[in-house]
Every structure is written in C-alpha cells, then in structure tokens.
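Chains as they are written, first to last, in my numbering: chain U, 199 to 602; chain F, 199 to 602; chain X, 199 to 602.
For the record, the hints were derived by calculation from the structure and aren't laboratory data. This list has only true hints and no planted wrong ones.
Copies of the same chain are indistinguishable here, so a pair counts whether it falls within one copy or spans any two.
Distance condition first, Cα-Cα at most 30 Å in a straight line; then the derived DSS-like pairs of lysine-lysine:
id, residue 1, residue 2
1, Lys502, Lys364
2, Lys250, Lys518
3, Lys450, Lys518
4, Lys315, Lys268
5, Lys450, Lys479
6, Lys364, Lys487
7, Lys349, Lys366
8, Lys327, Lys405
9, Lys402, Lys268
10, Lys327, Lys268
11, Lys366, Lys405
12, Lys327, Lys364
13, Lys479, Lys402
14, Lys402, Lys349
15, Lys487, Lys366
16, Lys502, Lys327
17, Lys479, Lys327
18, Lys402, Lys315
19, Lys364, Lys272
20, Lys315, Lys349
21, Lys349, Lys405
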Amino acid sequence: MASLMRGWVTGFFTYETTKSVVVKSWSVGIINRVVQLLIITYFVGWVFIHEKAYQVTDTGVESSVMTKVKGFGKYNDLVMDVADYIYPPQGTDVFCIMTRIIITENQFRGRCPEARKDFQCSTDADCHKHLGSVRANGIITGACIDISESKGRCEIEAWCPAENDKVKNTPMANVENFTIFIKNSIRFPLFNVTRGNFLSMSEKQIKTCTYHPELNPFCPIFRVGDVLSYTNHTVDGLAEQGGEIGINIEWKCNLDRNIENCVPRYSFTRMDATFTSSPSKGYNFRFAKYFKTENGTEFRTLHKAYAIRFDVMVTGNAGKFSTIPTLINLVAAFTSIGLGTVLCDIILLNFLKGADQYKAKKFEEVSDAQIEASITPSPDSQSSLKPGMKSSYDSGALSLCTSD
Amino acid sequence: MASLMRGWVTGFFTYETTKSVVVKSWSVGIINRVVQLLIITYFVGWVFIHEKAYQVTDTGVESSVMTKVKGFGKYNDLVMDVADYIYPPQGTDVFCIMTRIIITENQFRGRCPEARKDFQCSTDADCHKHLGSVRANGIITGACIDISESKGRCEIEAWCPAENDKVKNTPMANVENFTIFIKNSIRFPLFNVTRGNFLSMSEKQIKTCTYHPELNPFCPIFRVGDVLSYTNHTVDGLAEQGGEIGINIEWKCNLDRNIENCVPRYSFTRMDATFTSSPSKGYNFRFAKYFKTENGTEFRTLHKAYAIRFDVMVTGNAGKFSTIPTLINLVAAFTSIGLGTVLCDIILLNFLKGADQYKAKKFEEVSDAQIEASITPSPDSQSSLKPGMKSSYDSGALSLCTSD
Amino acid sequence: MASLMRGWVTGFFTYETTKSVVVKSWSVGIINRVVQLLIITYFVGWVFIHEKAYQVTDTGVESSVMTKVKGFGKYNDLVMDVADYIYPPQGTDVFCIMTRIIITENQFRGRCPEARKDFQCSTDADCHKHLGSVRANGIITGACIDISESKGRCEIEAWCPAENDKVKNTPMANVENFTIFIKNSIRFPLFNVTRGNFLSMSEKQIKTCTYHPELNPFCPIFRVGDVLSYTNHTVDGLAEQGGEIGINIEWKCNLDRNIENCVPRYSFTRMDATFTSSPSKGYNFRFAKYFKTENGTEFRTLHKAYAIRFDVMVTGNAGKFSTIPTLINLVAAFTSIGLGTVLCDIILLNFLKGADQYKAKKFEEVSDAQIEASITPSPDSQSSLKPGMKSSYDSGALSLCTSD
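Using the sequences and the accompanying hints, generate a full structural model.
As structure tokens, then:
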C-alpha cells in the first residue's frame, strides 16, 4: 500500500517535456527565424502598440451635458432673446435655435376655408375625396366654401384662420454670432474616472475665448457661424428650412498615461446630410401659445418654427492595462510563434534536399503489427525489451534498436 | 573569439521541431480524424460563419432621431391638432400623444377644500393627521371645512379649485389614424459609416406609404393603430390610462458586404408591460397654462394628461473584418485541433490493446539515477557516449542504446 | 492504382503524437507541478470565477425612464405645486426642480436702460464699446440714458424692463421633502431579457416606502433631501445657484443565475462637482410665459430659474454563458499551462545537475553533413538503414544507432 502510494507520488512529480529534433541547416534555420521575427513584429507593433490589445476598454461612457446659448437676433424688426428663440429652454443636449417662424395669430376653434392650394375646389365632391386627409390644417368637413369665380376652398373644422405656411419671410438675422456654451462632465464607470470638458481653462480664459480647432481646442464656447462653417454649411443655407447639426464630443482616454491627456475632441457634422429627398429636408415643428379672452374663451397663436437643431453627442472610450486581454493576446502571440514551425516543417519535409532523411528523424513509426509482435511472447523481443528497461515507461527507441 | 561568435550564430540559426511518434493504428487514426473534423466544423460553422468571430464590432452607434406626428383628434367635440396633443413639440425621440386630459380651469392661488375622497373629515383632528401629505392637491392647513351632514373636506392652501382627477371622460377619438414620421440617421464612429432610415425610398413612395413589417418594411411612416397592434395592444386599451410604447430601430450591419444591406429593422414593445401593480400602471403628467386677468393676477388651467408615450430607441452594431479577432480565433482554432490529441493520447495509452507498448514508444524516461551514473566517469558509459556523438546535443537515445 | 489509394488512406488515418521525454527528477517535477498549479489557480480563480470570462456580455442596455415628483413648496409665501416648479413636465429622465426664480413681470418690447452694473456709463462713448455684447439683456443701441449724478445706463433694445438677476431672494422652502418616483424598465437586447426596477415590491409597499440604501434598496421613491445627502450636499447648498445631480441606476445581471437576482443598484453623484470655477457653477436657465393685453399686444413674464437638475442615467451589463469566450479562454488556459514547461525547460537544461545529459535526452540533432552522408550511397549507412526500416518514415534514432 505504502509503496503504491509512493509510486503514485513519484509518478505525479515527474516532468514531461517534448523531445525535439534540432536541425542544423542554414536554410531552414534562417527561414524559421525570419518567420518568427515577422510574427513577433506583427504582435508587438500592431496588436500591442497600435491596437493596445493589453488594455481593457470601457465604451459605456456616462455623460451629462448642459448648454447655454447667448445672443440677440432681429426678426421682423423685433428683438429676439434666448427665451424667445430657444426651445426647449432648460439647456439640454438637444436644443433648437428657431430661425424662421410662421406665426398665425388669434386662432379660435371653428370652421373656415383651408389655406393650402391642394384643397382648392369648385364643388363639394372635390372636397369629399380629401376626407380624412392629414395634410390639411384641420378636419375636412366635405363642403366647398368661399367659391368665387369657380374657385373655392374646402371647409375645415379647426383652429381658424388656417395657417398658410407658404409665406416667404426672411429668417432671423445675426444667428451666426450667437454663442453656445457647452458644459460636459463624463464618467467611465468601469474605472470610476470623472472628467470635465474645460478643466484646464482658467475662469478668465473661459469668459473671453471662442472655440477654434487649432488655436483654442478646449474652449467650451462655440460661435454658431463657426460651427456651421466646420460642417461646410452657412447660417443662410440652413436658416430658411432648418437643419440638424451634430456636435460630437469624443473622449479617447488612455488611462495608463497621465489623466491630463484625457481631453475632449470636438467634431461637427450635418446630421440630416444623408437625406436629400424633399420630405425630409430641413427641420421644423409646430407649437402654440394659448391665451384667454376676457370672457374666458381660449385662443392661441400657432408657430411653425424652422429651426437649427443642435445635438450634442458624447462618445468615448477609455483603455487601461488589464491582465486578461494581455494574457490572452500573449498566449495568442506565443502560440502563433509556434505556428511558424508548421511552415518550416512543410519546407523541411518536402522541399529540402534530404527531406526523407529529415522525415525519418522527425517521425518514429509504430504500427499495429509491431505492437502485436511485441505483445506475443516471442523469445527474441521479450528478452531484448525487459532487461533494458528501468521502468515500464522506458524508451521505445531502445526496443526497436535491439530487436533488429 | 571569432569561432565562439560563429558557434553562437550557427546555434541561433538552427531549427527545432518536435519529434513525433506516428501510430499506424486504424482505430486511433479514425478517432483522431473524427475529433479533428468535429473541432474544425465547430470553428468554421459556429465561431467563424455564425458568430462572425473574424470581425471587430462597433456597438456604440451614434443616432439622431426626428419625429413628426400628423392627424386630427376630437376630444369633447373639440378639434385637437398636433400643437394641442403633442408634448414636447420639437419632434424628439421621446414624445407623448395626450389621449385624455382632465382640465381644471381658472385656478387661482388661495384656500379651498381638497377634492379627493381620502381627505374627507368631520373634525379638524381628522385633517391634522394628513399634515405634510404629498397626496393632496396642496398644503393641508389642518382645518376641516365645508361640513354638511357631518361630512367635510380638509382645507388646502393651493391653486383653487382643487383638481378632481376621478372624473371619467372618454379619451380623444381617432388616435389610431394618427401617423408618426420618423427620420433617423446613424453613424458607426469606429468605421465612419453614416446611414439614414429611408435612403432606398423615392420621394413619392415616402409621401404615400405606411409601414408594414412585410410589405413596406422601410417606410418611415407609422400608423399609431398599427404600432399598438404590433405590441398586441389597442388604442382603446391605452388611451384611458396612458402607456409607454417603445419603437426600436435596430441596425445590424455587416460592413464586409454591400452597404445597401445595412438597413433598419423596426420592432415595437410596450415598455411598461413589466409593471402590473397599479401605482405604476399607465402614464400621465401634469402641466399648466398660465394666464393673467386684466388687473395682472396670474391664474392657470391645470391639465392632467394621460398620454401614450413613444420612445424611439436606436440600437445597432456593425461588424467588419479585422486581423486581431481573426488571428486570436484562428490560433484558438489551431490550438484546439491540437487539443484533440489529448483525447487520443488517453485512448491510445490506456484503452488500446498494446497500450504499454505505445507508452514505451511515446515516453522516453530519464531518471536522476541515470543522469548521476552518466556524470560519474565510469569507463563504460563514457566510452560509449563520446565516440558516437557529433555534438554535445546528440541524441540521448543513442547513449541508452549502447550503454546496455 | 488501388494500392496507391489504399496507401493514401492508410497514411491519412495515422495518428501523430509528440514524443516526450519523462524526467524523473523530484526538483523539476515539483517546480513543474507548482507552476501548473499557479496557472490553473489564476485561470480558475481570477479569469473564470472573478472576471466571468466564460460569459458573453451585453452592455447595450435599452432603457425607458418615467419620473414623477410630488410635494408642495412655498416660494415668497406662495404655494408651488408640481406644475409650477418642474420642467419639463412630462416626466422624462432629465428634469429640473426650480428652487429659485427671478421673475421679471410685464416685459414689453421696446427700449430701456440695461439693469446690469457693467453697463453703467456717463457718455455715449462708454456704451459704444459694448456694441454687440451678448452679456447685456438686449441689443446695445450705443446711447447712454437716465443720467443722474453723472451715472447713467446704456440703452438697450429689448424686452423692457430689463431683468436684474442680482436680486437676492430666498429659495423655495420644503424642497428636501419632495419625493421622486422613478419607474425604469430595461431590456438586454442580446438576451431579450426585460426587467423593471420594482418588480419585487407589492403595491402597498410602494405606496408607503422611501428609498434607503440598506433598509429599502428597491423602493423606487426617493426623498430629495436624502438624494442630496448621499452626494454629500444639502438642499440649502444647491437651491441658491442650482446644480446637477446624477441618479445612476446600475443593472449588473448574471443571467446564468436566477433572474430574480437581476436587480437595480442606485447611486448618486453631483455631476457638476468637477467644475469649480464660477462660470460653470450651478445650473440655471431662462424661459418666458407669454400673455396678451386686451388690444392684442404681446407681453411676457421672464423667469430666470435656478434649478436642481436630476439626470437619471441607466447603465447595465448582463452576462450569460457562451461557448466562444469560454472556448477561447479555455484554450488560453490550456496553452498557458503548456507555457509552464518553458520555465521548467530553462531550469532543467541550464541550472540542474546533469543539464548536459538532459539536453542530450531532449534534443536529437541532425546536421546538413549527416543528411548529405546518408544520401550519398555509402554501403555502410545504406545497409544499416534499409533492412531495419518498416517504412520510409521509420525512426531516425535507429539509423544513428546502428551506423556507429
């Protein structure tokens, strides 16, 4: 029992290593080292240094954006301030600067002729085909009213008078000089790292600066005209029909380096640029201000606002050294170096002079027949095997050697 | 010195390959190939083709959503248009269609009896226990007023008269025929690929189409009734208490293929379906419109709006061939094929007839005792080792062979 | 032909395994097993159990947040209810509780003196230098008006009278007792798992509970005072200048375990804490309520609202067993165990007594010279090789052995 245990322990604490054939051939040797060098270069240069495969990456950046627009516009000779032209007012990441507003004042609920040209009619029948249309300003009643010179309009049940949004008016002036202040604080939850977008600026700098990609890349104050020019558009081009501008704040942080290098990078795109067909061109929305007459009747002023919408989008990723990706990639690297032998083996065993001799060196063959023979108690093989063996694990090469 | 250098160089440019034992046994040979085939099939079929392990994936899709609702409702016989029933008006990704509104008109600041039944009282003491309650319509003063037939109401300091939200009224009609137009442009920042949700549609198609999962899967116009039916709900079921509907736009793009195949897929869910207990059922919110009397006193109309809230959520991932994941997975595949030998070794060395002979072939043993013996200058081993060796690295098999 | 085919088939179904050298040495044996144990422990303990490397992770959680604030404040002795102090009203994930409001009533469009001290003047020249300023309340006309005792103010074209936001007033009382109800439903699209943030609570519990990190971690109702105290701030500290509070809902779900363990964890941070310089301190925004006089002239009440903004941010990741990461990590683990032999080989072949003998055992050398010799038809080597070989692949050790 004790000896069995001891045998097992001895067996357990043995060390097993592969037997190797060392080929002293310049041609294969050089090919082998060149292949290994290429693989190492690839892993060190591309995988580890360029792609930073030794880092774990956090892409789920948490972000809070506060915006504030400043500036005064003139629209139809009236002063417009922030409370007039910004919607929504609370300074979120998505906000609109209304640049052209079609105002339909003093609408009361009732029945009136539709203002749009599509709804011209000469008889009630012309209007019946529009019943249920969502393109009118109200519910089509089916009657054709206000007929003069055989041209009338379909009657609608709606807030009257109906809006005529084909009116041409010039957009608000001075929009290009408005400034947008953006306060952005982010957090990488995986690493619990918090950063703000203008931590490196002094209070005085922030009060006077304007963002410029090269001269002032960390200033959080953006001139609207500049932002549009970075997207290759102008205020004049957008103000009439509206549009969507994306302000992208990108945080790419290598947390293995100084945290001071973890800074935002701003970029600007026109979001609706992919859409070219007219139903999707521009950006507008309708809202109403409600009032009451003395006797309590509600009436409203309808606004159709063409606006430049700004979407402040924050993306980011942070990388930091971590053992798991490092290990997996190191193992991949080491194993890949080993894969170099596959190529060399093919050359060695097939294309080199003396390939058969190398084959004979590398491969040692055992066939069923041999095994059968050695099991069958033939005096020759048995005598040659047993004396030479120190244990049952002893080298098979020996038995072959002496059995000849 | 020069010869030492040459020796080192010669040593460096050697090629080392493992020595293998080739077993010519049908049983193990077939098992080996079958295991290898299974592993290869798994990697090719599942890992590479199905899971696309050769691609790097970008899941941080940037998205901009613009929505526009059209349609006219009738509520209490009054026409309701978009400016009346949509909140917020600016067409963001989250918007509400108010389906039932409890309006409390002409509220002035003051003191009045609470409208809710829970705040019935007969003495002031009954009201004292409600002090500080947030469930009333105002601040409980502690007085019990309006007592008639021993039933009074607690007095509140609030906008008066207090809202009675237990009123039953029928929701707005025609909501199911409203249409939602969704404009969505996305960008995969990793690959700098931009896509829109209806690029393949012509202008005319967009003006007339309505989304249908099979017939019109790329039309960006959704009928509210249809959207609700896809979630197995009806407008009638939701309009009374409100609810939250998620419109999910999913972009799964294989950028190794034609970009035209990178299209959105819409799906619809009822977001608040997981909540079944009453405090969380439905969706409502309160807002007020403020007015002024002639003499400047502010009063308001309070709206408690039950609404169907739509959340347009955009998710997406794009995959593109990349060397790093490909390499790691290839190495994993090759190494796994190698792991097949582990299984075969176990069979070969334990369960096969002649296992001991195979063991003898595979393992070559060196024990401390042997090494000791060969170091001790015994005439026999020394003479046998030295002549037969071409270098100090020469085969150990040789020494064993001749030392017997 | 048939025999060639049979030969190929026989060759294909051979099994090739590496020939190993078994070293029966206690020292190397123990080092080998200890290194292997360390590697296995690392992989099992850290990679698999702690880092759950056998799971695929979904970090793109879809989330829908509904919020509702309750409570009554007193501001300038006036009752304020939810419709008065919450903006935006519809209960989204970002909402503001206005704590201090500077109200400028009855503004009409016109010309008036600027209220800010910076715009004091004695001559028109003083005002000319302010032309185009965005820091005034309107467009600077360049005139200096209202001069008395040589102190005047620059004239602006704006909504008049101009706002004086240096007014000191006490913030709204009772904000700390307001409650925030948060309804959050999430979905992991990869696994199609949907969860709500208070599914485990009964209806009655929800009506009466208040969130507490230890006592009531799943209650969805948060007292504002508590939330601020968790961020180490007080209502008094924030109410005057406003601030941004982040309410983070974190979902970390191990979907291999019971879904009931997939619960939210709330944490609270002051988002604007990273910003310390004054232009970015606090949080405020301006909005206006518009009214009409009897004769139809529009006027407005301007509100500058200092507010506590709450951002409900939902982050989450869910992990579930998946074959691909498991396989890659298992292969990495197995390969790493193999890498242990690299260390042991170094010890064995360099630092152990009898290292040269071990080298001789492990490495079998073939040099170009040998191969040349065996190719050249020398009677000795040929006769020794051919008879002893069962096939062309036979052991090279044999030829070396007998060629001596």
